[in-house]
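If you're matching them up, the sequences are chains L and F in order.
So in our numbering, the last one in the first sequence is 109, and the numbering has no gaps at all.
So in our numbering, the last one in the second sequence is 112, and the numbering has no gaps at all.
By construction, these hints were calculated from the structure, which means they are not laboratory data.
Glycine included, every Cβ here is placed at the ideal spot set by N, Cα and C.
You may find that some hints are simply not true.
Computed cross-link-like contacts, DSS-like style, restricted to lysine-lysine with a CA-CA straight-line distance of at most 25 Å [said to hold, decoys possible]:
#, chain 1, residue 1, chain 2, residue 2
1, L, Lys26, F, Lys57
2, L, Lys67, L, Lys55
3, L, Lys37, F, Lys11
4, L, Lys26, L, Lys50
5, L, Lys55, L, Lys37
6, F, Lys71, F, Lys57
Taking beta-carbon pairs under 10 Å as the criterion, some of the chain L residues facing chain F (in silico) [claimed, not checked]:
#, residue
7, Gln2
8, Ser6
9, Phe44
10, Ile47
11, Ser83
12, Ile91
13, Gly100
14, Thr101
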Amino acid sequence: QQPVQSPQAVILREGEDAVINCSSSKALYSVHWYRQKHGEAPIFLMILLKGGEQKGHDKISASFNEKKQQSSLYLTASQLSYSGTYFCGAINTGNQFYFGTGTSLTVIP
Amino acid sequence: DTGVSQNPRHKITKRGQNVTFRCDPISEHNRLYWYRQTLGQGPEFLTYFQNEAQLEKSRLLSDRFSAERPKGSFSTLEIQRTEQGDSAMYLCASSPDLQPQHFGDGTRLSIL
Chain L
1 QQPVQSPQAV ILREGEDAVI NCSSSKALYS VHWYRQKHGE APIFLMILLK GGEQKGHDKI
61 SASFNEKKQQ SSLYLTASQL SYSGTYFCGA INTGNQFYFG TGTSLTVIP
Chain F
1 DTGVSQNPRH KITKRGQNVT FRCDPISEHN RLYWYRQTLG QGPEFLTYFQ NEAQLEKSRL
61 LSDRFSAERP KGSFSTLEIQ RTEQGDSAMY LCASSPDLQP QHFGDGTRLS IL
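Chain L on its own, in the form it takes in the complex:
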């Protein structure tokens, strides 16, 4: 039931763009995105509540395709501070919140 993320890991140079995908075999009713740095708690990035919704702030945005049960996170002009592990998360029909498999993102100078 855990959403699957791709890629598992990515290394970027500062200023490059990245896309992280989140795919579920079950219906998604909302999608959350979090970033976790090593040794720290996850930090909320954004939530998408409806299919077709797109959101963004700064240079990080996301989209949610409810029909395809997918969401994507877009990071543009990456900064060193973007490094960390990104998780999507979703609530299933049983009201349990599942985090995705995670994507490790490393931004190098």
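With chain L's structure known, arrange chain F on it following the hints.
Structure of chain F alone, referenced to chain L:
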């Protein structure tokens, strides 16, 4: 808003002992979640409360685990007869309904 607070930050105990963790959520948040996270993995859902009602429990939550939120404010997670496999970071999060979850810094449990 003082954030989600978890205590203790670290707990080291011998196998077979009982441990209890506490989580103080953000005061106006009615939802409270417990997760377990091991190295290199994402947080795994354990259980959640809406106010004082425990609405969902994961199958990961064996009979040795119990959680309470007696007055709809702070919550405790107790693990009885701890086993090596219980070693993990235990995270608590709170949210107002289906809104972003705010995480505490977690309690790291080490079983000797």
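Consistency of the hints with the structure:
no., hint, verdict
1, L/Lys26 to F/Lys57, "holds, 19 Å"
2, L/Lys67 to L/Lys55, "holds, 18 Å"
3, L/Lys37 to F/Lys11, "holds, 22 Å"
4, L/Lys26 to L/Lys50, "holds, 15 Å"
5, L/Lys55 to L/Lys37, "holds, 22 Å"
6, F/Lys71 to F/Lys57, "holds, 19 Å"
7, Gln2, "holds, 8 Å"
8, Ser6, "violated, 14 Å"
9, Phe44, "holds, 4 Å"
10, Ile47, "holds, 6 Å"
11, Ser83, "violated, 16 Å"
12, Ile91, "holds, 7 Å"
13, Gly100, "holds, 7 Å"
14, Thr101, "holds, 7 Å"
Violated hints for the displayed structure, listed by number in ascending order: 8 and 11.
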